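Number of protein chains: 8
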Amino acid sequence: MGSASDNEALIPACEMLDKFGIPYEKAIISAHRTPDWLFEWAQGAESRGLMVIIAAAGAAAALPGMVAALTLVPVLGVPLPATALNGVDALLSIVQMPAGVPVGTLAIGKPGATNAAILAAEIIGVRHPEVRERIRDWRAQRAAAARDVKVP
Amino acid sequence: MGSASDNEALIPACEMLDKFGIPYEKAIISAHRTPDWLFEWAQGAESRGLMVIIAAAGAAAALPGMVAALTLVPVLGVPLPATALNGVDALLSIVQMPAGVPVGTLAIGKPGATNAAILAAEIIGVRHPEVRERIRDWRAQRAAAARDVKVP
Amino acid sequence: MGSASDNEALIPACEMLDKFGIPYEKAIISAHRTPDWLFEWAQGAESRGLMVIIAAAGAAAALPGMVAALTLVPVLGVPLPATALNGVDALLSIVQMPAGVPVGTLAIGKPGATNAAILAAEIIGVRHPEVRERIRDWRAQRAAAARDVKVP
Amino acid sequence: MGSASDNEALIPACEMLDKFGIPYEKAIISAHRTPDWLFEWAQGAESRGLMVIIAAAGAAAALPGMVAALTLVPVLGVPLPATALNGVDALLSIVQMPAGVPVGTLAIGKPGATNAAILAAEIIGVRHPEVRERIRDWRAQRAAAARDVKVP
Amino acid sequence: MGSASDNEALIPACEMLDKFGIPYEKAIISAHRTPDWLFEWAQGAESRGLMVIIAAAGAAAALPGMVAALTLVPVLGVPLPATALNGVDALLSIVQMPAGVPVGTLAIGKPGATNAAILAAEIIGVRHPEVRERIRDWRAQRAAAARDVKVP
Amino acid sequence: MGSASDNEALIPACEMLDKFGIPYEKAIISAHRTPDWLFEWAQGAESRGLMVIIAAAGAAAALPGMVAALTLVPVLGVPLPATALNGVDALLSIVQMPAGVPVGTLAIGKPGATNAAILAAEIIGVRHPEVRERIRDWRAQRAAAARDVKVP
Amino acid sequence: MGSASDNEALIPACEMLDKFGIPYEKAIISAHRTPDWLFEWAQGAESRGLMVIIAAAGAAAALPGMVAALTLVPVLGVPLPATALNGVDALLSIVQMPAGVPVGTLAIGKPGATNAAILAAEIIGVRHPEVRERIRDWRAQRAAAARDVKVP
Amino acid sequence: MGSASDNEALIPACEMLDKFGIPYEKAIISAHRTPDWLFEWAQGAESRGLMVIIAAAGAAAALPGMVAALTLVPVLGVPLPATALNGVDALLSIVQMPAGVPVGTLAIGKPGATNAAILAAEIIGVRHPEVRERIRDWRAQRAAAARDVKVP
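As you go down the protein sequences, you meet chains A, B, C, D, E, F, G and H in turn.
Take the first sequence: its letter number 109 is residue 109 in the numbering used here, and every next letter is one higher.
In the numbering used here, each residue's number is its place in the second sequence (first place is 1) plus 1000.
In the numbering used here, each residue's number is its place in the third sequence (first place is 1) plus 2000.
In the numbering used here, each residue's number is its place in the fourth sequence (first place is 1) plus 3000.
In the numbering used here, each residue's number is its place in the fifth sequence (first place is 1) plus 4000.
In the numbering used here, each residue's number is its place in the sixth sequence (first place is 1) plus 5000.
In the numbering used here, each residue's number is its place in the seventh sequence (first place is 1) plus 6000.
In the numbering used here, each residue's number is its place in the eighth sequence (first place is 1) plus 7000.
Listed below are the simulated BS3-like cross-link pairs for lysine-lysine, each with C-alpha atoms no more than 25 Å apart in a straight line:
{"hint": "1", "chain 1": "H", "residue 1": "7110", "chain 2": "H", "residue 2": "7019"}
{"hint": "2", "chain 1": "H", "residue 1": "7026", "chain 2": "B", "residue 2": "1150"}
{"hint": "3", "chain 1": "F", "residue 1": "5026", "chain 2": "H", "residue 2": "7150"}
{"hint": "4", "chain 1": "E", "residue 1": "4150", "chain 2": "G", "residue 2": "6110"}
{"hint": "5", "chain 1": "E", "residue 1": "4026", "chain 2": "C", "residue 2": "2150"}
{"hint": "6", "chain 1": "F", "residue 1": "5019", "chain 2": "H", "residue 2": "7150"}
{"hint": "7", "chain 1": "H", "residue 1": "7019", "chain 2": "B", "residue 2": "1150"}
{"hint": "8", "chain 1": "F", "residue 1": "5150", "chain 2": "D", "residue 2": "3026"}
{"hint": "9", "chain 1": "H", "residue 1": "7110", "chain 2": "B", "residue 2": "1150"}
{"hint": "10", "chain 1": "A", "residue 1": "110", "chain 2": "G", "residue 2": "6150"}
{"hint": "11", "chain 1": "F", "residue 1": "5110", "chain 2": "F", "residue 2": "5026"}
{"hint": "12", "chain 1": "B", "residue 1": "1110", "chain 2": "D", "residue 2": "3150"}
{"hint": "13", "chain 1": "E", "residue 1": "4150", "chain 2": "G", "residue 2": "6026"}
{"hint": "14", "chain 1": "G", "residue 1": "6150", "chain 2": "A", "residue 2": "26"}
{"hint": "15", "chain 1": "B", "residue 1": "1019", "chain 2": "D", "residue 2": "3150"}
{"hint": "16", "chain 1": "G", "residue 1": "6019", "chain 2": "E", "residue 2": "4150"}
{"hint": "17", "chain 1": "C", "residue 1": "2150", "chain 2": "E", "residue 2": "4019"}
{"hint": "18", "chain 1": "F", "residue 1": "5150", "chain 2": "D", "residue 2": "3019"}
{"hint": "19", "chain 1": "A", "residue 1": "150", "chain 2": "C", "residue 2": "2019"}
{"hint": "20", "chain 1": "B", "residue 1": "1110", "chain 2": "B", "residue 2": "1019"}
{"hint": "21", "chain 1": "D", "residue 1": "3150", "chain 2": "B", "residue 2": "1026"}
{"hint": "22", "chain 1": "D", "residue 1": "3110", "chain 2": "F", "residue 2": "5150"}
{"hint": "23", "chain 1": "A", "residue 1": "19", "chain 2": "G", "residue 2": "6150"}
{"hint": "24", "chain 1": "A", "residue 1": "150", "chain 2": "C", "residue 2": "2110"}
{"hint": "25", "chain 1": "C", "residue 1": "2026", "chain 2": "A", "residue 2": "150"}
Footprint (simulated), chain G over chain H, 3 or more residues, beta carbon under 8 Å:
{"hint": "26", "stretch": "7068-7076"}
{"hint": "27", "stretch": "7089-7102"}
{"hint": "28", "stretch": "7132-7138"}
Residues of chain F clear of chain H, computed beta-carbon distances all greater than 10 Å:
{"hint": "29", "residue": "5049"}
{"hint": "30", "residue": "5051"}
{"hint": "31", "residue": "5100"}
{"hint": "32", "residue": "5135"}
{"hint": "33", "residue": "5140"}
{"hint": "34", "residue": "5141"}
{"hint": "35", "residue": "5149"}
Calculated from the structure, these hints are not laboratory results.
Computed from a prediction, not measured in an experiment: that's the story for all the values here.
Glycine is no exception: its CB is placed at the ideal position from the N, C-alpha and C atoms.
Chain A with its partners taken away, still in its complex shape (with noise of 0.2 Å):
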């Protein structure tokens, strides 16, 4: 994530991913107040054995693409609701990426959190089956429990 205020955005993709037993790690990393350590970060993010990496980001949102520049690892980009614009410039800072150099997007702020986790999931599950079928359990109950919800 971009700033420490994002982390409340990212709760739900932590939990998600929590549900799905897969491990992660977590770091505050601006792309325009710390690019060197950006550069440091995303450069090791295959060595350090990262299979898919989620950046959230607000405003003028470059994180995700910059680490997208660095690293063979996919990326997911979450843009956040920061600014006067509500989310709107930092969907399009990430989505609307050059040819080149892709970042996958997700919706804008919590949904979106959420959703890169279960994406993520969803990549790791191409190489863990059992994560895709962890993924299929967590959907099954979820449909049952919609057929369930009593209509008010």
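Add chains B, C, D, E, F, G and H to chain A, keeping to what the hints say.
Same frame as chain A, but now just chains B, C, D, E, F, G and H:
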């Protein structure tokens, strides 16, 4: 893709997949015109051995989200500029997925199609290191070429 | 409706239908979380005797369009302000349907829910003149009341 | 339609109505340039036996809403891209109706015009089952054709 | 104004008219809920001696444009933030009038209401020099006061 | 107008003024490039006998607002589509004036220019009844012609 | 700043200038309410020895552009969220200056005010190396602090 | 600039710098394709004696912000219309920088490029009075020419 008219925008995606030696199937399936086929196709994706799905669509683009609702294979979405709104409608219809069903969204149009293919390759690279190495080579060549461009 | 949290926005729609003496069924069905159920529900709508369907959803609102793809019963869509984009995402996801599968879209939120109920009544009034007469009475009362309002 | 220049956008609507064997009257009436005529035309719609009204207009498109204020016949609105804002102005002027006077709004431009005709046919189909059957046949043919399209 | 709920936004307009000694009538007339009354009211505006009309409305704000279509008295429009779109819908519904029927549009909400009153006074000042002189005095006082503000 | 390139958009305004027999002066004055001249021109408007001012400009269009700040003659603003934002920038720069200094804003581009001329004529008609009668004749002819248009 | 109500947004700018030891004058001058004073103030800026000007304003924010038109001192603009449009109007009114009169524009609201002060310091640092060194120290401390933040 | 295709938009900037006798270096450096080179280039800017940096880029334009993060030389950003969003994405990616790292942003496209050169000259003029005098002469000539333009 959602319509035959979307094919041109996806040519750079196919070229990129070819470059990385990744085989793929290509289908025109509309969430709105052929919903039965969509169900059948998406629910069979996992058993057909697909590792990633790229879903491109314009207008009120329901295709990527519906595919994501029907499979555990990671889904990448490419919004296409098919209407008077020039892709803004497709972008929001794809990226603003509610919590629970993620679509990793790329940029509007051809840059997004190209990037969907690269991100798909990165995801496959999580499991197949040789694919990751091909992306590494391509990136290195591209960066070298970029430094050789003569400034006009 | 796509989610239990959408219920409050739909209360004025239910009140309006009650006022016009129109019976209705009410269900929470998510295009993305319970796609199977959506198929089953929408494909059975005609044989259950539904004359109009009101589908309300927020975010990347695929529900109205998918229902419209699966039935010949007229579908009215109500975009709900469920995200940081305050309903613009839902509006475009519902109204910008591609040629072939129409959704008659109403305003964002409660005014749209109210109007969906009235338009549903007008559509039923095409076949049942007594429903049209009830709308006529209600409109006349409302117009008379409007002329009696004291300007503050 | 609000202006003679809107006619081209409505050709696909007429073709669709012809395909479903639905007779129609076609008029150019401007809410702003010929308000008296609008009143007369809309207030007589019911007694002329119209079952649905399709109102298409661009810019600050008051036509669909004013027609809806003057009749109990269901009104469908088609926003046209007649200005520098490419139809966004017409879309908001048509869809954002206040509670009490509904307009079922379709997409901007030709796709919306086509869909207005199909939705009109679905509404007529609530009363005339043979019209619904014609839509069913057309949909089935279209879906079959869609599955036969050769992927380029 | 189009609705009793618009009254609060118009209080600064009334205060401004009072300040300039301009008498006015105030009415709640909805283009969509009371179209007959609108016709009657607007077509009689000239003979009642109105010199300018200020029409304020929110949502798909047809009121200012319809009034302008029915009278030769200059019409000023004030878009009100009555919906999830915060006045953007009303702004475009009022300002984007097609060629032939002008509405002089002011800013969204209270600043626009205040300015509608001042512009109305300026227009009346074209005929009544004493009104212009009152505006001149007010402006001079305001400018003098502005230079006396202590910078915090 | 703010620039010589704005002239073409203003031709319909001039034609309309000619039609109503209203003499006018026409000037190219930029708020940003010739601020001194703007001051001189606007502050002299009243003593030169101008009854209304039409100020058209594109981009960050400061011209209408600055003229309005410098005179008590009513100012009408026409936003022109001079940039990549197609007139949205000019529209907001003109219509969103702060309380105290009004600009009656018309639609973007040529329709707005035409309407500025008509509104100017209506304002002059507040003082000169013969001008109002010319607008009345023109409107009646236009409405009659509108009813004679053959529907294609 | 354009209004006394803008003061709060500018507090972080003042704090930043104080931190870098840069003296400044602070004034409330409205382009629209006190145009004469604006002229006088801006045309005297150079001779008063100002090295950079920070102009902050909301709504149709003409202040930064008009100041830039009247001086050769570099002008930085800060758009403030003073209206229903939350600063989008001010942003476009400030950044979309026509060729010839530049305003270096910062983000909407407080982040933009802070950054205006830092950019002003960087510009002064072009001439006064000791100011640049103070920014260098501040940046180094901030980066060090950023690396010490405990991830929650 | 971020890409060779950006060169055309920057020609007016170069012409303007030539006019003011300001020498410059010109480079094509992509934040996303050549991040290492960007670091090297930006971190060496100060020691190479650059007094101002103009960074132009389109799409999710990270270049200006990343350069600003890596140097204390003032950075001006020019958003280019390289995508379906016509520069809105680049504008928000450049102007909405978080507090701490400023980029002085100019208008979208060629007007912004021209103005970046003039603002750069004004900044250099803070240290080199002869550059300021050249801008003064150019402005005076331009204003004189503007007053001589024949109104068509």
